[in-house]
Amino acid sequence: MPTSTTLCVDCHSNPSSLEIRKRCLCHGCFRKYVASKILKRMETYRFKNQVGNAKKRLLLPVSGGVSSLVLLEVLDAQIKKQLDQQGRTAYDLVLVHVASQESDRDEGEKWCSSLRSCFELHTYLPVVRLSDVFEVDGQVEAALQLLGLTRQESETDGHFLVRVFTSARSATARSDLRELLLKRLIVATAKAQNCDGVIWGHSDSSLAAKALSEVAKGRGGSVPNELADGPSPWGLNFNYPLRDLFKTELQLYLGTSAESVRGCLLEHKENEDTPVSLRSTSIDTLLSTYITSQGQKYPSVMANVVRTASKLQAQGTAVGPGCRLCVMPITTGSETHELCYGCERMKQDIRE
Amino acid sequence: MPPVLSIFERETHETIVGSKLFQRGERIAIGASGGKDSTVLASILKTLNERHDYGLDLCLLSIDEGIKGYRDDSLETVKRNAVQYDMPLEIVGYDELYGWTMDQVVAQIGKKGNCTYCGVFRRQALDRGAAKLGIKHVVTGHNADDIAETVMMNLLRGDLPRLARATSIVTSSAASDIKRSKPLKYAYEKEIVLYAYHKKLDYFSTECIYSPEAFRGSARALIKDLEKIRPSSILDIVKSGEDMAALVPPELSTAVACSGDNEEAATGCGSTNGRSSGGEMAVLEKRLAVEEAAQYRETEIVLPANGNSLVQETLQVKGGSSIHDKKKPARKKVVKQVMGRCDKCGYLSSQSICKACMLLDGLNKARPTTEITVSAEEEEGSTTLMRHVAALEISAS
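Chains as they are written, first to last, in UniProt numbering: chain V, 1 to 352; chain G, 1 to 397.
It should be emphasised that the hints constitute simulated quantities derived from the structure, not laboratory data. Virtual Cβ for every residue (Gly too), placed ideally from N, Cα, C. Some hints here could point you the wrong way.
As the list claims (entries may be wrong) - Anything over 12 Å on all C-beta distances counts as not near chain G; from chain V, calculated: (1) Arg-88; (2) Ala-90; (3) Asn-237; (4) Leu-254.
Said to hold, decoys possible - Lysine-lysine pairs mimicking DSSO-like chemistry, simulated, CA-CA at most 27 Å apart: (5) Lys-40(V) with Lys-191(V); (6) Lys-297(V) with Lys-286(G); (7) Lys-224(G) with Lys-297(V); (8) Lys-286(G) with Lys-32(V).
Start from the sequences and build out the full structure, keeping to the hints where you can.
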């Protein structure tokens with residue numbers, strides 16, 4: 001730990017209070033450091049990179065967790081500054097919150113209004129539920145049919161969703177399905193809202209866990225696509241502005257934020273489904289635990305995973321039609337497959 | 001014969017035929033350590049060669065690293081295998097090739113880092129042994145678990161060239177005119193153990209007494225946990241590895257590893273134990289952290305206003321900009337390696353001196369006149385790390 005006499009290496013005037021990546025910083029400079037790392041990844045959307053007067057509309061999914069709150073706080077500050085200095089903004093944020101439980105819509109709305117009182121400049125969409133994916137995504141049911149899951153007559157969206165999850169016989173397939181449906185929901189919402197792109201709140205740590213987890217699920221071929229900033233196979237731009245920041249750094253940042261912002265933090269009920277045995281853990285959870293535990297000792301090694309995987313060449317959509325479910329390129333032989341290897345693998349764990 | 005055996009034999013046969021691994025009349029050296037993988041490989045190749053009339057001329061090739069209490073015992077197993085399978089056996093020793101046994105190397109450099117030497121030396125030794133026999137194709141017992149481990153390990157340590165090679169069933173490099181292949185690439189370790197058990201094969205099951213490296217240890221613990229969650233994830237990772245290998249930028253994947261620096265050094269010897277420095281993970285952590293911190297120590301240069309505008313543009317220097325606002329440095333140019341011969345030993349190498357000779361040089365220079373003992377402190381450090389690695393708690397237990 002830095003002693004109280006050590007000065008911050010950035011401003012050289014305040015005593016340092018934090019050691020971040022082997023550098024002693026004061027709180028103020030640490031906050032600048034985090035903001036600069038995020039804004040660097042938002043350069044595509046700066047005024048100078050704007051073509052004509054085309055202001056971008058960007059969808060920002062906010063879960064209410066640490067990462068999405070920090071991201072919102074930093075982007076909100078950038079937009080405020082733009083308004084102050086230029087009287088206009090380079091992009092508009094459209095916020096969407098997916099209710100964690102199907103029944104929690106009202107609570108979600110309540111939370112959204114408290115968020116809005118903190119960050120009032122942006123457009124807030126009504127809270128959506130995962131089952132809304134059937135509403136907004138016209139292709140999802142056809143894709144699920146490839147997994148052998150067909151909606152029964154007069155079955156509601158909510159009931160069908162429950163049946164989809166209960167038919168997944170492994171925690172891994174369940175979390176795989178949830179991630180896929182969530183992504184489809186966000187993308188479809190973004191398209192319905194005429195957004196040009198989605199701003200994701202994944203930290204470096206969660207991207208690393210995701211990369212390793214995709215590899216473990218046989219989805220290694222789509223890893224570079226999953227991590228890339230810019231055009232995605234979904235037909236929208238994806239950006240991961242938190243990709244250079246560890247989860248622990250985001251937690252530190254939020255700790256130094258205003259009380260009103262910290263008050264918006266949604267405690268996620270992750271502990272609820274903490275499995276009792278390894279066998280009932282999902283691969284996603286295992287890898288996320290792995291990155292967290294190893295990250296305590298080897299933070300740079302874990303950060304390097306994302307950098308390494310990002311050096312792989314993302315496959316364009318030009319290589320042929322992608323997987324009907326996850327839209328990623330299909331690499332399995334020349335046969336006419338509709339699902340990629342990873343989705344085929346997931347299908348094996350799905351039985352009615 | 002229990003059905004597991006016939007299924008395993010049929011699958012291995014399909015891999016061999018499907019990948020067109022062998023040609024009729026080819027002479028094949030089986031890299032034999034006496035461990036379960038290479039023993040099963042020798043046994044199954046003998047069986048399939050006779051059953052399907054591959055027309056192969058098989059022999060066993062063993063490396064004697066000179067590790068007392070490990071290799072001397074496992075070599076006895078290989079000698080018995082040679083009799084059991086009626087195959088000729090060639091043993092190549094580190095001492096005759098390099099003038100050093102691994103025990104002597106460890107006595108000199110300590111328990112940390114010695115696996116690098118072993119890996120570099122083994123690669124050359126297998127090639128030289130094969131060359132001595134006039135054989136151009138060496139098969140090794142690497143199984144799906146080993147390959148999955150290597151895929152994860154190379155992702156963790158950021159080694160794309162090795163990631164590109166890790167999954168290929170045949171590796172031939174310009175560093176050697178000897179082809180390597182892995183007929184058990186798609187075989188789970190569990191299947192191999194079962195096969196060895198049912199066939200009552202005579203193999204040696206002690207792992208190398210020197211430390212496994214941290215990266216492999218970490219990757220192995222991970223693979224074992226993944227296997228518990230979903231047994232097929234081992235082959236799923238192999239598939240992911242194959243797909244990712246195709247996405248490694250060509251300038252990285254075609255860079256030929258120099259002799260000794262090939263994937264062998266990272267893939268494993270006869271036992272599935274690792275063979276690189278135990279502190280490798282900590283070393284990389286330190287290097288990455290230092291590199292990152294160093295970025296911030298760069299001094300900002302502000303050119304005078306009348307400076308060369310071209311230079312200014314190229315450097316993208318902005319007066320008064322935040323030091324965090326740095327432009328991403330241009331991508332490093334990858335120099336493609338050109339193969340030549342080592343000036344010292346004449347062995348194929350991308351450098352003027354091959355890696356084995358470089359390591360030997362260091363060893364020979366420091367060869368002590370008095371014996372060196374490993375200090376208690378060093379021992380302690382190494383065991384602490386081992387304990388950390390062993391205790392990688394990633395399971396929810």
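Here is what the structure says about each hint:
no.: 1; hint: Arg-88; result: holds, 22 Å
no.: 2; hint: Ala-90; result: holds, 17 Å
no.: 3; hint: Asn-237; result: holds, 19 Å
no.: 4; hint: Leu-254; result: holds, 20 Å
no.: 5; hint: Lys-40(V) with Lys-191(V); result: holds, 25 Å
no.: 6; hint: Lys-297(V) with Lys-286(G); result: holds, 11 Å
no.: 7; hint: Lys-224(G) with Lys-297(V); result: holds, 21 Å
no.: 8; hint: Lys-286(G) with Lys-32(V); result: holds, 25 Å
Hint compliance for this structure: every hint is met.
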